[in-house]
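Enquirer: Residue strings, one per chain:
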Amino acid sequence: MIEVRHLTKRYGDRVAVRDLSFDVARGEVVGFLGPNGAGKSTTLRMLTGFLEPSEGEIKIDGIDARKQPVEVKRRIGYMPEAVPLYLEMRVSEYLRYRAELKGVPRREIAKNVDRALALASVADVKSRIIGQLSKGYRQRVGIADALVADPPLLILDEPTAGLDPNQIRQVRDLVRELAREKTVLLSTHILPEVEAICGRVLIIDRGRLVSSGRPEELRTAGAGIATITVEARADGERLVGLLTGLEAVLGVPVLTPIGRDGVVRVRVDVTASELDRVAERIFRAVADAGIDLRELRRADASLEDVFARLTTHDTASEAPPLDAGAEQVAS
Amino acid sequence: MSPALTIAKREIATYFLSPVAYVVTVVWLVWCGLQFYLLAGVFASAPNLSASASPLSAFFGGSVLFFIPLLVFAPVLTMRLLAEERHTGTLESLLTAPVTSAHVVIGKYLAALVFWVGLWVPTLMYVWITSQFGRIDMGAVLASYLGVLGIGLYYMAIGLAMSALAKNQIVAALLTFMLLSGLFAVGLLSFVDTFADYRDAIDYLSLWGHMQSFSKGIVDTRFVVFDLTLAGLFLYLAWRALDGRSWS
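One line per chain: the protein sequences are A and B, in this order.
Taken in order, the first sequence gives residues 1 to 331; the numbers are from this note's numbering.
Taken in order, the second sequence gives residues 1001 to 1248; the numbers are from this note's numbering.
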């Protein structure tokens, strides 16, 4: 559905997107992931025809975006990052206008608007003025706008930015539902989002594609590292010393005093393939030392770890200072 | 329906959602009414003034000062067109819809022209009033309206181009005002003796020369060419500014 080859965008001396190539197949839900300023929005703006690439080729549905921009735009439902809307218009008025602008035949406009209102769950505010709506509603009006002409490809730039947890869940459910019949490319810097809805992830950093794959693949490929968290009432230094020497433990465990009655928590990076055995070894070592174990928790490297490893440029702190390893459950 | 018409339709509707349209209309109508009232008074007290002159021809071509409010209204009517879309970011959703920059420029231009024409519709009432008290030269009336339309063609194009170039509405309005009053000031030089040698050229550029000719019923193609050239030039500028936005 999307073919991008050697896409580059320069602003004077600054290169926002550098030689980016990727494909998105029909029916896929792809997450476009990267820290702020990595070039996500710039790339999406080039895909949707708002910005002209400095170099490279874009094909949407087999059509060259440079040669037939209008045909390409006809196939895309796009929600820009800032969700720009005409604040003085009413919701249904705005969607009718957008449907007409997008070339929906006159007879089908009412039907399409109703469908978009229902899908984006904004039917209850359809006669309200957009300027008076909350951020969450505006965001969904933006999604309704992307859907109103029923395009085969949806490009959503940070669709859940600024929403509360309930609204985030609604948007995710909606994207999952839409994914049944549409191709979706969405950008985000929120990792659980990707794990929750995307079949594939493209990680970009400083304008370059640094990794791509299914979330599970990326997690396993997280340099083969998994994490074990140990919590016990003990002298921290002693516990760390005990764990450091164990087979298959990588580097120096990270100590976090919890504060209550001398309880400490230690985070241990281990070789992923040895995860289960290391856990047993840790249990034995701690028990033999006469320390009462409170908790022993294993976790695969989260996508967050992978992401941090790929996009952190400070090589000195290779392991990111995250305690989120274990708690990082796809929500 | 062409996307340009869709854009024009929304734009016209938007005019009436802002107080600007109402302020402009009211001020304009009062100004016109006053002007016509005074002219009618003058002609009524001097019935033998001239066979060819009537309150109507004086209304359209009698005084260059009559057009001064338009130097302010034109920027006010056009400043929003593109500058606001750029400022609020809606330009992104507009240009990522299946439309071209040309559609956008034409749509916005049409909307501004419709409003311009709308400003003049109430003046038809003066035509009717005058016709109740004597014969009027319908040819001259038609030509006068053609002249007014010609001015609108390039006034609105200049405003639109400035709105496409400027980062915000105020700058757009100021640039338009400066350009229009510059052109207007050049026309005023026609009254200065020092420039007598250039009077022909100056009258060609001036609003007053333009309207004096049209209000007598003379459709001078030089003025038509001038209006269309200027309009075309600035529409092209607007289109380039919009299409080349990736430079910024």
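It cannot be assumed that every hint is accurate.
[As the list claims (entries may be wrong)] Heads up, simulated PhoX-like pairs for lysine-lysine below, C-alpha to C-alpha not over 25 Å straight-line:
1. K126/A x K111/A
2. K1009/B x K126/A
3. K111/A x K182/A
4. K59/A x K135/A
5. K1009/B x K111/A
[Said to hold, decoys possible] Covered, in the sense of this in silico footprint (three residues per stretch, anywhere, with C-beta under 8 Å from a C-beta of chain B), are these stretches of chain A:
6. 42-51
7. 80-87
FYI, nobody ran anything at the bench for these hints, they're computed from the structure.
Cβ coordinates follow ideal geometry from the N, Cα and C atoms, glycine included.
Enquirer: Hints first: check each against the structure and report whether it holds.
Expert: Right, here's what the structure says about each hint:
1. K126/A x K111/A: holds, 14 Å
2. K1009/B x K126/A: holds, 20 Å
3. K111/A x K182/A: It holds: about 19 Å lies between the C-alpha atoms, which stays within 25 Å.
4. K59/A x K135/A: Between K59/A and K135/A the Cα gap is close to 33 Å, so the pair fails against 25 Å, i.e. violated.
5. K1009/B x K111/A: Roughly 21 Å between the alpha carbons, so the hint for K1009/B and K111/A holds.
6. 42-51: Holds: 5 residues of the region 42-51 of chain A have a Cβ under 8 Å from chain B.
7. 80-87: Holds: 6 residues of the region 80-87 of chain A have a Cβ under 8 Å from chain B.
Comparing the model with each earlier hint shows a violation of hint 4 alone; every other hint is respected.
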